[in-house]
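Residue numbers (this note's numbering), protein chains in the order written: chain A, 1 to 156; chain B, 157 to 931.
Derived by calculation from the structure, the hints in this document are not laboratory data.
A hint or two may mislead.
Unchecked claim - So, partial list: chain B residues that the calculated Cβ filter (under 10 Å) puts toward chain A: (1) M393; (2) L822; (3) R849.
Because the structure is a prediction, the values reported are computed rather than measured.
For glycine and all other residues, C-beta sits at the position ideal for the given N, C-alpha and C.
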Amino acid sequence: MKQEMTFNVNGEQHTVKVDIRRTLLEVLRETLGLTGTKEMCNKGDCGGCTVIMDGRPILSCLTLAVEAQNKEIVTIEGVADGYTLHPVQQAFVEKGAIQCGYCTPGFIMSAKALLDRNPNPTEDEIKEGIANNICRCTGYVQIIEAIQAAAKAGRR
Amino acid sequence: MSSLIGKSLARIGSVDKAMGLSKFTTDIVLPGMLYAKSLRSPHAHARILNIDTSKAERIPGVKAVVTGIKDTPRGGVFGIIPHTRDHVLLPFDKARYIGEEVAAVAAIDEDIAEEAIEAIKVDYEPLPFVLTWQDAMKEGAPLVHENRVGNRAAHYLVNEGNIEEAFANSDLVWEKTFTCEVASHALPEPFTALCSFEPSGKYNFWMQTQCPFQVRQGLHNTLKVPLSDIRLHTVEMGGAHGGRSDTPPGAFIAALLSRKAGKPVQLKLSREEVEDCMRDKAAKVWTIKIGFKKDGTITGREINMVLECGAYASSAIVELWVPLLIDEVLWRAPSYRYDAKLIYTNKTISSMMRTRAHVGPMSMDVAFDEVAEKLGLDPIKIRLKNAILPNEVVPSKATVTSTGLSESIVMAAEKSGYKKKLGKMGPKRGIGIGSGNMQSMFYMGFRSGSTAFIKFNDDGSCTVFTGNCDLGQGNRTMHTQITSEVTGIPMSMIKVCYGDTELCYQDPGDYSMSATVVSANAVKRAAEDARLRILEIAGDLLDVAWDEVELRDDGKYYVKLRIGKGKGVSLGEICRTAFKRGKPIYGFGDYRARIDYSDFSVDVKEPYNEKTYGMKVTAYSFGTTAVQVEVDTDTGVVKVTDIWAVNDCGTVLNPMLVIGNMHGQLNFMLGQGLYEANVWDMKTGRKLTSDFRTYKVPTANETPRIETYFLNIPDPQGPYGAKEGSLGFGCGLHGAISNAIYDAVGVRAYDVPFKPETILKLLKEKEAKGAKKKK
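Let the hints inform the model, and build the full structure from the sequences given.
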C-alpha cells in the first residue's frame, strides 16, 4: 500500500508516494537519491544510517518512512554549506578520522547531533555520543580527536 | 621546495567522503538495473539432485534464473593457486556449507526476486558433515571434497638443521599449544556486485575488492572468457582488511544473470548473508616446542600448525605460509621445523585477515616470559638475545634486509616503564610486552610485480595509473605524494586512477601489504621516468644541458624549471612542446620484488616439496607493543587500559595516516584478543553469530589510551625507505596481553580470545592449586 507523505529533507520540502513498509533509509537512498546515508546492518546495531530528525539522531533503518511525515530531516548531504565543510566534517578530514569512509556519514551525524546539544563535551561524553557507531578502520582515536577539534572550533 | 616525505597530509578523497558524495558499489544504479537474490543451501553438506526453477521463471518481473547445473561453465574452478582450485562458484554437485549459493534470480525489484527464490525447489540428499578440524582429520570422516584425503587442502613443511639434536642439547625444552577461534572481518559495506554485460562479450563489474587483478583472474578462470572481456571499475570500498581478497561467488553469479537477462544486475547481500557466506578468519591451532640454553639462547624450535579453512581453501592457503614468514624472521632458530596443514570443514570459508599472524608471535612472547622466570633471566634481555638482526638469513633461506625489532623492544619497554612496573603494579593490574612483524608483499610469481604509468596533460597536470587500490588506508595519497616528491609537481595537479583493470596495468592490489614496497615503488619509477623526459625538454627550451635544470614548485599555479634567477619555463609549456614534437610526456615504471627464483618453487604439490624455500618477501615490518591491563577477578573481564606501540615501518611517509592505520590494527587486535569469536550450532552447522548483535566488535567506549612511536630506520628496498606500516607492529599485542594478565593475576591464557569465562576458569584452577598446596 502506498501513502503520500510530505517531509523536509536538508531544507527542501518533498512530497512523495511511499510504500508504507519502506524504511526512511530506503526512501532517502532510493526515492530521493541521497546515497550518503549508508546501510550497514539494517537492524539498528551499527549506526551507519544515522540521520537527524527534528534535532535528534535516529537510525533511519529502524524508522519507517511514514514516521517522518511533517518532520525535518538532515542527512549527511545537508551538513555542509555548499562546498564549505561544517566544522565537524572539516575536523574529520584534517585529523585523519576518515579511512574507508563508509561509516563516516553516520559518525558525522552522531557527532553533529552531540555538539548541537552539548557544544563542550568531555572525552567520555564524546565516546558515549558515538558509542552506537561502528568503525572497523580507525580504532576511533582520530574520530574522537576530530570531534574534540570541532568542539574547539565551535567555541572560537 | 621542502620534502613531502614524512609530512602529515590529509587523505585524498576524504572531503567527498565527509560530504557523503563518494560512490560506493551499493550507491551505483544503472539504467534498467535488475536486483538479484541467491538461493542458499540450508544443509551443511548435501548432494544437489535436482533444481526445479519453472515456477520461479513464470513469476511476472523475473528476468533470469540461473543454477549451477544449467549455467556454470564446466571446468571453471576458482582457487588462488592451481593446487587449491576447488571452488565452483555456483556448484552443481553439492553444497558444502549452510549458505552456499545453489541458484539465483534477477528481477525488476528485490521483493519479486525474493518471491522467486522461494519458488525454486531443490532436491537435496543431505550428507554427513564435519564442523571441527579434529573431526575432519579422523579416519573415515566425511570428505568435504572427495579428492582430498583426510580433508587436507594443503600441507607445508620446512625442515632445517637437526631439531631432535637441538632439543637433546638444550638445557630446557618448553612446549605449549595455542589456539585462536574463527573471527569475522565484520566489514561495514555489505558485499555487493554489480555486473553489466555487453553483447560484444564484455563484463563490466563494480564491486568491492582489494585486489582487482586477482579477482579478474578468478573470473577469467570461472567464466572462461578472455581477461580483456572482464573490466573491474574503480569504486570506493567500505572496508576490506583481508576479507575482500578472493573472487566471490556473488560476482560470478551477477555475471551469469546479467548475460542471461541482457541487463545490468546488482546482487547485494544482507548483513546475515555477508557474515554467513563471505569470508572469516581461519581458526588456528599452534603447537610449539622450543629448546633453550641456560643463558636463554634458542637452540631450535618445532611448530605444528593446523588451520581450518572451512568449505574451500580460498586465500587461507596464504595463511599456511604467512605464520612461517612471520615466525622465522622474528626470532633466531639454528634448527627449525615448521609443519602446517590446511583442513576443510563444512563451515563458512576462511581467508586472510589483517590480524593473521597473532598466534605465532604470541606463543614466542609467552615463552620468553615463562622461560625467563624459570631460568632467572631478564625478560627483555632474553628477547634481545634471540631477536633477528639486519641481514640475517632465516631457516627458509630468506634474508631480512632491515629490522628494528631489538630497538622496538627496548623503546616499548622504556616508554611504558616496563621494568619499573613489572610485578609491581598492584592487585589485578599488570603489564606485558609483545613483538610482531609482517611481510611487505608476498611472492605470487609475475603477479607480485606492479607496473605504473603517468599520463601528462598539456597544462602540466597528470594522472597516475596504478592497478593498486585504496581501501581507505591512504594509498592514493601515498602515490600522489611520491609522484609530487619526484617531479616537483604540486599534489593538487596529480590525480590517481587506480584499480581499474582496463585502464591500469597488473598490480597485486592490497594483497599481502604490497602497496608500499611494490605498487609505490612502481609509481616512483614511473615518476622518475617522467622527470627525465621533462628535464630533457626543459634543457632544450632553456638551452642548457638537462642536468643543469631543476624542477620545483615556485608556489604559483604552475611549476617552473629554473636555472639562475628568473629563468624558467612552465611545465605546461614543456608538455605542449612534447606534444608538438610528437613525443608526449609520460612516465613508465615497473617494480618486481627481489626474489631468488633459482631457489624457490611455488609449484605446489601435496605434500609440498621442500624446495619451497628462498626469498618470498622483499621487506618485513616489525614492532613491539606494551600493554597495561586490569583484570576483574569476579567477572573474568580483561580491560586493556594503555598501549605503547613502537613501529618499525622503515621511513614514515605520512605520520598521521600511518598512526591512524596503527590505531585501526590495535582495535582489530583488541576485539579479537578479548571477545570476538564466531559460534556454530554443532547439530546443524548453522552459524549463530551473523550480525553485530551476536558478534561484538569494539566501539569507541573500549578504546584504550594509545601512544605511538616510530623508529624511522630506512629499508633498502622500499620507496624512500618505507615498508608496510599498519599491521606488523601490532601483531604482538595478544602476547603482550597474555603476559600482562599473568602479571596482574598470575594465570596464563593461551587461547585467543581471552574470554571472561576462560580467565575465571584459570583463576579457579589457580585457587584450587593454592588450596592443595596449603594442605
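Problem - Structure versus earlier hints, numbers of those that do not hold, lowest first - result: none
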